[in-house]
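Peer 1: As a plain string of letters, each chain reads:
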Amino acid sequence: MGCTAEAVDEKFLVMGLVFDPAQRNIFIFLNIMLSYMGNAMDEEEEMSPRPFWPPLLAGFALGLVLLLTFLMTGHGLGASGFFTRLTATLGAWLAPAATEASRYFGPYVQGNPLAFWISWEVVGVAIGALAGSISNGRFRLALERGPRVGANERLIYALIGGVLVGFGARLARGCTSGLALSGGATLAVAAFVFLVTFFAAGFLMTFAARRVWR
Amino acid sequence: MTLPLYDSGMIAGLLAGILFGYVLEGAGFGSPRKLTAQFALRDWAVFKVMFTAVLVAAIGLWLAEAVGLIGTRAVFTPTLFFWAIALGGALIGAGFALGGYCPGTSTVGLFSGRGDAAVFIIGMILGTVLFAAVFEPIDGLYRAAEGPKGQTLMELTGLPTWVILGALVIMAAGGFALGNRCEQRFGGPLTADEVLAGLPSNRSGPADQGDASRLATPKAHEITAS
Chain Z
1 MGCTAEAVDE
11 KFLVMGLVFD
21 PAQRNIFIFL
31 NIMLSYMGNA
41 MDEEEEMSPR
51 PFWPPLLAGF
61 ALGLVLLLTF
71 LMTGHGLGAS
81 GFFTRLTATL
91 GAWLAPAATE
101 ASRYFGPYVQ
111 GNPLAFWISW
121 EVVGVAIGAL
131 AGSISNGRFR
141 LALERGPRVG
151 ANERLIYALI
161 GGVLVGFGAR
171 LARGCTSGLA
181 LSGGATLAVA
191 AFVFLVTFFA
201 AGFLMTFAAR
211 RVWR
Chain D
1 MTLPLYDSGM
11 IAGLLAGILF
21 GYVLEGAGFG
31 SPRKLTAQFA
41 LRDWAVFKVM
51 FTAVLVAAIG
61 LWLAEAVGLI
71 GTRAVFTPTL
81 FFWAIALGGA
91 LIGAGFALGG
101 YCPGTSTVGL
111 FSGRGDAAVF
121 IIGMILGTVL
131 FAAVFEPIDG
141 LYRAAEGPKG
151 QTLMELTGLP
161 TWVILGALVI
171 MAAGGFALGN
181 RCEQRFGGPL
191 TADEVLAGLP
201 SNRSGPADQG
211 DASRLATPKA
221 HEITAS
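If you're matching them up, the sequences are chains Z and D in order.
Residue 1 is where the first sequence starts when you use the working numbering, and the numbers rise one by one after that.
Residue 1 is where the second sequence starts when you use the working numbering, and the numbers rise one by one after that.
Okay, chain D solo, but in the shape it has when bound:
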């Protein structure tokens, strides 16, 4: 069991991040209109990408454990704090639907050139400050209904992993079929052309162009060796 490497260094972070950002951008997740079209049932890319990714990684981890590549409980598994996670999830869902992003996709949006993503990020910083300010008064809520440490669906239900994975695959297939039908009915998924048609071109003016090169290219003097 040589894996996981437990290497949380700079190279591992950059590598994982670059691939993560590239794939999210490729999926169209730098566009808040595409992301929020999920909740209007018009574009099911958020559900499809997320569910597929969860299943691929979950099946991969299960197989890696089955063949002895990794040990049992080798990877970090979050613990349930029922009320904090249920309420926090609802706030993120509501904020996502209104603001157009989540933390990861706001970074993708910003680095696809979206100015609204920068304002969303400022909002996230303010929200974090607000949380820190009320952290002590809401301590009870923050820790309420704590589940067993790193509890999995298998531990909750007593079912073997393959049954859980099978059930999730069936749910995904059902969700995809429902999604495809909704997409046909509500105007279809947003394409890159549709998303960008509503946005100004980079060549719309000299000011825009100047901003573009400033955003993308750090000047040599910003990196100095002494």
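Chain Z with its partners taken away, still in its complex shape:
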């Protein structure tokens, strides 16, 4: 039973959020790593990009990562759950009354969003992607768009696409990671229903809006 003053001393603050002392070393480690990657980026930005991994190799590696995740945690990988928590947290901050009254967000509001596995996993995805893109010369600060689409048009499509995906992931209770990939590995019927409509709608939209990417 530590006294209050000591407990406060040992608390660790990041962007206004309070953490246990045990979590402090992780932050210091992450900060050192990000600084290192920033330096590496300055030095290596002229480097020509290394090729992408062949799809079968990437798929095999992803399968092993997914298997490791199942054996560690008892569940698979995810992504959209983090954005739901992020939205609930932003909502609680901008419109606390409406967010707490919401039947959907209400249960999400309790607690620090970083106390959840999915948040750490997505922080990890960010670190892994940054490390991979920088160390392989593939990091570019840019908008990526089809050859026939201007920058503003690209951003409008990105926004509309994001709205469809954000809504769809809440309706389906998961996304390509949590439902298709992780659910697929458990051979769940839900995952294969998702995959069928996901690919069908993707092909239809691509056919209807061909000029967006070509």
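No lab work stands behind these hints: they were computed from the structure.
All C-beta atoms in this analysis are idealised placements derived from N, C-alpha and C, irrespective of residue type, glycine included.
One or more hints might be untrue.
[Claimed, not checked] Partner residues are not named here, just some residues of chain D that face chain Z (Cβ under 10 Å, in silico):
(1) 16
(2) 30
(3) 38
(4) 47
(5) 77
(6) 81
(7) 92
(8) 94
(9) 125
(10) 133
(11) 169
(12) 174
(13) 176
(14) 177
(15) 178
(16) 199
Start from chain Z and add chain D according to the hints.
Peer 2: Below, chain D alone, put in the same frame as chain Z:
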């Protein structure tokens, strides 16, 4: 049966996430042009990576169960809510084809430097708010046609796991062969050089460079111990 560890702590999350992000970026899945080229049938990496990963993990879980490393029903298996999942899957497919990402790959895109991924993420947040706003009126749709809890293809069909896995391996092989033929016909998979050739270099201007270091390096004062 000491596994799974059922450890959903910070370290497990970071470890799984870092590997996940690194592999997705390596596969080229930070690029919306590469991702959407799947739907134009030009680049089958999305299908190949996803199907291979599902099969490797599914076979791994099956073997782990067969040798008694994990128990039966030891891992989380999603439950079917037919209409919500079918419709949600279609919305994600359509949004992916238009916006260029899904939730996981938008994170990879953002941390490969893609500004359009940031706008896509803002869209996802708005879509989530929209869903919460209509959550009560669409409650019937959200819960309609609920399947048995965590139902698997084996339970649905009554077939043993090895038959299902065998059928999926055959389907994957067929899909890969079809994919390879389409790729040859429609211009081939997008390489890293092709993806990046259309993008400005990091050294294109002083403003860009400043932004780059700001994005990648949190300043020391952002992390403060009190």
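Peer 1: Which constraints among the numbered hints does this structure fail? Numbers only, ascending.
Peer 2: 11, 12, 14 and 15
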